[in-house]
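Since the structure of chain A is provided, determine the placement of chain B on it from the hints.
2 protein chains.
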Amino acid sequence: MSILVVGSVGLDDVQTPFGRRHRVLGGACTYFATAASLYTQVCIVAVVGTDFPQEHLDLLASQRIDLRGLQIAEGDTFFWSGCYRDDMDVCETLDTQLNVFADFHPTIPEDLRDAEYVFLANIDPELQLEVLDQVRNPRLTALDSMNFWITSKKEVLTEALSRVDVVLLNESEVRLYAQDHNLLRAAQCILELGPQALIIKRGAHGAMLALREAPSCPAAESVDAGCVGERFFIAPAYPLDRVVDPTGAGDTFAAGFMGYVARTGDLSLGGMRRAVVHGTVMASFTVQDFSIDRLRSLTWEELQARYENLRQLTFFEPAKGDEFPTFSRTLV
Amino acid sequence: MSILVVGSVGLDDVQTPFGRRHRVLGGACTYFATAASLYTQVCIVAVVGTDFPQEHLDLLASQRIDLRGLQIAEGDTFFWSGCYRDDMDVCETLDTQLNVFADFHPTIPEDLRDAEYVFLANIDPELQLEVLDQVRNPRLTALDSMNFWITSKKEVLTEALSRVDVVLLNESEVRLYAQDHNLLRAAQCILELGPQALIIKRGAHGAMLALREAPSCPAAESVDAGCVGERFFIAPAYPLDRVVDPTGAGDTFAAGFMGYVARTGDLSLGGMRRAVVHGTVMASFTVQDFSIDRLRSLTWEELQARYENLRQLTFFEPAKGDEFPTFSRTLV
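Note that the protein sequences, when read in sequence, are chains A and B.
Take the first sequence: its letter number 220 is residue 220 in this note's numbering, and every next letter is one higher.
Take the second sequence: its letter number 157 is residue 1157 in this note's numbering, and every next letter is one higher.
Okay, chain A solo, but in the shape it has when bound:
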């Protein structure tokens, strides 16, 4: 039930209305691994430079993260700098230095190639394919990507999308890929490539799970057929009165999802839904502090409490049959 994750480990400069942090631990792989390690064993496949602080390596190791697949290459570590304005919805990237990541090719240690759960964080889809070529018969593979690859390497990305079980993208990325503003039709376009499920991340609006097919709803059916309630699941974001730094929200959403699935092994419809809720809850903690600071002190009880709050937040009763016993209006 261990998870193999391939992606970036880096150093970030981040500025938000709540402050600024210089060369803090960042990267999709770091965020994912830290959050997912709450659920199960996580193995990182990534690269850092010789400038990468030993304290960061110690921190990752102390979280029981398997670092055997972390290469240390001559040169500087991947560096990213971004700024969030008042509305926190849009991040302006100020600088990206690939550094040692430019020549990175994932090499998966022999005994990790049997990992049951594989998460391909947002990296060049060619590297994602290299990983898929190396792993043997994983139980579940999932992939994240971004606008940049959709625009610049759509063909390669399409192949990667067609080879994984679960695709995670945000709302604008789904629309961009499908060239369709309607989210249901855009989701259908991606599901037709082959994945069993698409999870659409909607930031402050939560997430939507779209399944290629469901027991009473074959793949060919219209997306707005009667089984819409079975093929789709919508979870809100956990409401917060203070968001400090949105960096890593998407990566830790994926970690909550994959972590829950890996820990429970539950790939049923209900299990996938609970996994999505774990994703949205995990992301809500991430954004309450800079870097992985909130995640480091996160407890299972805190996760559970928000999970239950979210259930209460979204619960409503069935319509009562007797509310409209004599309903008979016929509009002209």
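All the given hints hold, so there is nothing to weed out.
Computed beta-carbon distance windows for the label pairs:
| # | chain 1 | residue 1 | chain 2 | residue 2 | range |
| --- | --- | --- | --- | --- | --- |
| 1 | B | D1089 | A | N147 | 16 to 24 Å |
| 2 | A | H22 | B | D1087 | 33 to 41 Å |
| 3 | A | G270 | B | A1219 | 30 to 38 Å |
Rather than coming from a laboratory, the hints here were simulated on the basis of the structure.
Where a beta carbon is used, it is the ideal one built from N, C-alpha and C, also for glycine.
Coordinates of chain B only, in the frame set by chain A:
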């Protein structure tokens, strides 16, 4: 259990990627009354000009809508023209002609002043106050507004907000009023004016109900206190693979909410939640055709089916206690 609604009845020119309609029946009051008449008796207080087609009057009357408060004044009817681009999220207003609406003052027929449920559609807050001065002891009052009044008549609007039970605004309006991008804090700002509930309309992302207080959560508590699941309710928009014309979505959301409350008389927490779901379901039908065309043929069975679909769409099970019996990770 009848509903009194005050607002605009007008003629619209609308253009969307799905077509264009010329001088069709429009106005917040029209949309609201048509949708709410599915639930209960609705009384309109509004004004039209002498150019208003008799067929529209006949149509409204055929929906059992009480038109005794509809004034017919010398001059032209309120006219609005708008255009939705491909993304359907933003409406560009091309023209607004107040016409007879410019001199409108609501006069509520004597026997309608005892209406139990009063909805103040989006009009000048001074007129909304005039209505509140005329009605006698309503059971529930609700109000809609828009950016224009928040910017131009904030003081008057604030008085109106403080005198109603339920406020309905969209996300950007809540933020604009409170001058705070964080939605929970912005909601708190409005609730502190006096209303028991604020419903934040989020378009394609659904709606959030925020209560000033809840049984185990007094008004003074932090918005992110443990009772967040009790004070807030979040419902998604009903997913659609084709949106033809978003005009009237907000007005008919209000109609589903008010209609359900008026019909059932249920002001409990659970009743308010079901009412919000009726709002989101009603709006989903509205946007599937131009003007009130989809609403005219809407049946109770169709409403019920989407209500149940939405329940299935959002349902997930409680966390299972035995999933993490040995959970013991302590992050450093």
